[in-house]
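Peer 1: For chain A, the structure is supplied; the task is to place chain B on it using the hints.
Top line first, the protein sequences correspond to chains A and B.
Each residue of the first sequence is one higher than the one before, counting from 469 in this note's numbering.
Each residue of the second sequence is one higher than the one before, counting from 320 in this note's numbering.
Calculated directly from the structure, the hints in this document are not laboratory data.
Each hint should be verified, as a subset may be incorrect.
Claimed, not checked - DMTMM-like, lysine to aspartate or glutamate: derived pairs with alpha carbons at most 20 Å apart: (1) A:686 - A:759; (2) B:440 - A:561; (3) A:734 - B:500.
What the hints assert, rightly or not - Pair ranges (Cβ atoms, derived): (4) A:559 - B:414: 21 to 27 Å; (5) A:551 - B:602: 30 to 36 Å; (6) A:525 - B:587: 41 to 47 Å; (7) A:713 - B:440: 36 to 42 Å.
Values in this document were obtained by computation on a predicted structure and should not be read as measured data.
The C-beta atom is built at its ideal place from N, Cα and C for all residues, glycine as well.
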Amino acid sequence: MRFNTLAVTTAALLAAGSAHAQYSGGTIKIGVMNDQSGLYADVSGPGGTWAAKKAVEDYGAAAKGLKVEVVFADHQNKPDVGSNIARQWYDVDGVDVIVDVPTSSVALAITQIAKEKNKVFLGSGPASSDLTGKACNANFIHWTYDTWALANGTGKAIVQTGGKSWYFLTADYAFGHALEKDTGDVVKKNGGTVTGAVRHPLSTNDFSSFLLQAQASKAQIVGLANAGGDTINSIKQAAEFGIVEGGQKLAGMLMFITDVHALGLKTAQGLNFTTAWYWDMNDNNRAFAKEFAAANGGKHPTMVQAGIYSSVIHYLKAVEAMKADADGAAVVAKMKSIPTEDKLFGKGTIREDGRHMHDMYLVEVKKPGESKKPWDYVTVKKTIPAAEAFRPLGDGDCSLVKKS
Amino acid sequence: MLFELIGIPPQALFGQLLLGLINGAFYAMMSLGLAVIFGLLNVINFTHGAQYMMGAFAAWMLLEWAGIPYWGALVLAPLIVGATGVVMEKLLLKRLYHLDHLYGLLLTFGLALMIEGVFRKQFGSSGLPYANPLPGGTRLDFMFLPNYRAWIVIASLVICFGTWFMIERTKLGSYLRAATERPDLVQAFGINVPRMITLTYGFGVGLAGLAGVLAAPAYNVSPLMGSNLIIIVFAVVVIGGMGSILGAIITGFSLGIIEGLTKVFYPEASNTVIFIVMAIVLMVKPAGLFGTPK
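If we strip away everything but chain A, and leave its shape as in the complex, we get (with noise of 0.2 Å):
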């Protein structure tokens, strides 16, 4: 009798699943890689994947009789493993896309694997600006942010209110370099100087050297192009160095929440960053901030989760309308040509390049005495729109962009 049970059910299940034959596999398969673990974990991390299982869920993938799998695996901030990863995935395991994937020199080398496999990649955790520069290609999106995006964003503001002179800390990999550059060039086009920059190894304990050298310098700016624990302990290290106090300010390029929560607002407060999403901007945004607070222990989502949740939700919506995945150029294509909406982002596009285009936001972190409820932490003082925020579609070098 239960075999007979068993039996019909994979009967209905098989039939169910050849009327949907359309999608590689059967399902179309979404692979969260991220660090599960290391310095980057909080701020995509089992949190990422939380936010790509309630994309499917709120999309309403079930009743709409698609049938969708979400898969997530570390890959250690490590470009080897994680191309292993994206190989095995792509070739073995039918995983249709890959997303998230902070870690900008990871993210290079998954970005050329989906184009040799044609599948699909959401960037929304890399922040390198090369990758919708002369790295793009026809299967990556670009989601949150990118280094472009926080230079200007920071690096802008910064220079126009007087930081005219520059001193960079910057991790020594792709993202850190790509970093340091591209503000060196905002600050520039913008009046200000570089002094100087020292780079030292990802993941550093101890940056009072560094911070040294920088003090050294005498510049009014100490740029922090690095980020996760390696931010946070710089501005530690640098308010017990006495930087702030011997008159040097201190920019954060790349700064999360879980930055903020980590430092505390008494040693994090008055400083800027820039941000793709902050959780306590309207009703939405809150009421995901709440049901991600319930499921990861307190810790409110940043903005590389939620566009993770954003990009899975654009995703969903290009291959239902295509009611195919096989074809990863096939689908961005696609996801170029709708506009993108959802609960969290708004309304939005991509860009031929593979640049999604959004506003961002220059917010301030909160002294101790003004954060009111958990996690209230920063209030925003500039909207950049879209079409400022990101860089202009010429001047990326990317071989996707026709020259006019």
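Peer 2: Just chain B now, kept in the frame of chain A:
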């Protein structure tokens, strides 16, 4: 003249030397605990980094949950972490003494991963704030010396000297050393050798916990802080000579300085320089600088 040759102003150089010394203080304290445990128990304690992290978290929990400030944590946290070490020794390590020390290494390595996993699950990876108990500092000619960093150096020197003195110059220390050579004979004198070994392990672990409390205000209290440090500290112990207490202390301080200087001349290599030194030392003196070949 010399300073012009190497292209760095003397003031900056002194500053970097001092910072190197401060980092060296951490390496010394951490490798000291490892050397004590290896020298007297023959256990390669890979959990040391996790125990250092537990020290920092214990300080944070004492402050947040029990309102006990830094100075209280400085005493209590090492005791708490040391106590977990005692439990671990009683339950697990004890069963491995008659085996090759590779087994101890594997066990402690596995435990380290588990402990870190639990803390990461509970507290996330970006860490928690811990206020500096000694804010401010002194403006020296060549740099701004934060009070707290000065305190770290002093505390580390006192701890290192105290431990060295206890093991090499006191009666208790001589029992310990004798017990590692001939446990049967020492037992025959009526000394409880197993208990002594348990307490020694607890002491070594307590040292890691103490280093963790000292690190909490300076670095980020994060589940990853131990794994970032432990590999470097193992290199320090290997260079100094496994089990040599004096070697651990001297190498710890000197490697801190070497690393500090690398941060000025070629910062990209600052994470690697210690391993280069290790390779060179092992080629010339395979037992380490202060080790005795067996």
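Peer 1: Against each hint, give a clear statement of whether it holds in the structure.
Peer 2: Hints versus structure:
Our distance criterion of 20 Å between C-alpha atoms is broken by residue 686 (chain A) and residue 759 (chain A), whose separation comes to about 46 Å. Taking the CA atoms of residue 440 (chain B) and residue 561 (chain A), the gap is about 28 Å. The hint is violated against a cut of 20 Å. Between residue 734 (chain A) and residue 500 (chain B) the alpha-carbon distance is near 53 Å, which puts this suggested pair outside the 20 Å criterion. The supplied range of 21 to 27 Å is broken by residue 559 (chain A) and residue 414 (chain B), whose beta-carbon atoms lie about 45 Å from each other.
A hinted range of 30 to 36 Å for the beta carbons of residue 551 (chain A) and residue 602 (chain B) is consistent with their spacing of about 34 Å. In this structure, residue 525 (chain A) and residue 587 (chain B) meet the distance hint of 41 to 47 Å, their C-beta atoms being roughly 45 Å apart. The supplied range of 36 to 42 Å is met by residue 713 (chain A) and residue 440 (chain B), whose beta-carbon atoms lie about 37 Å from each other.
Hint check: violations occur at hints 1, 2, 3 and 4; the rest are consistent with the structure.
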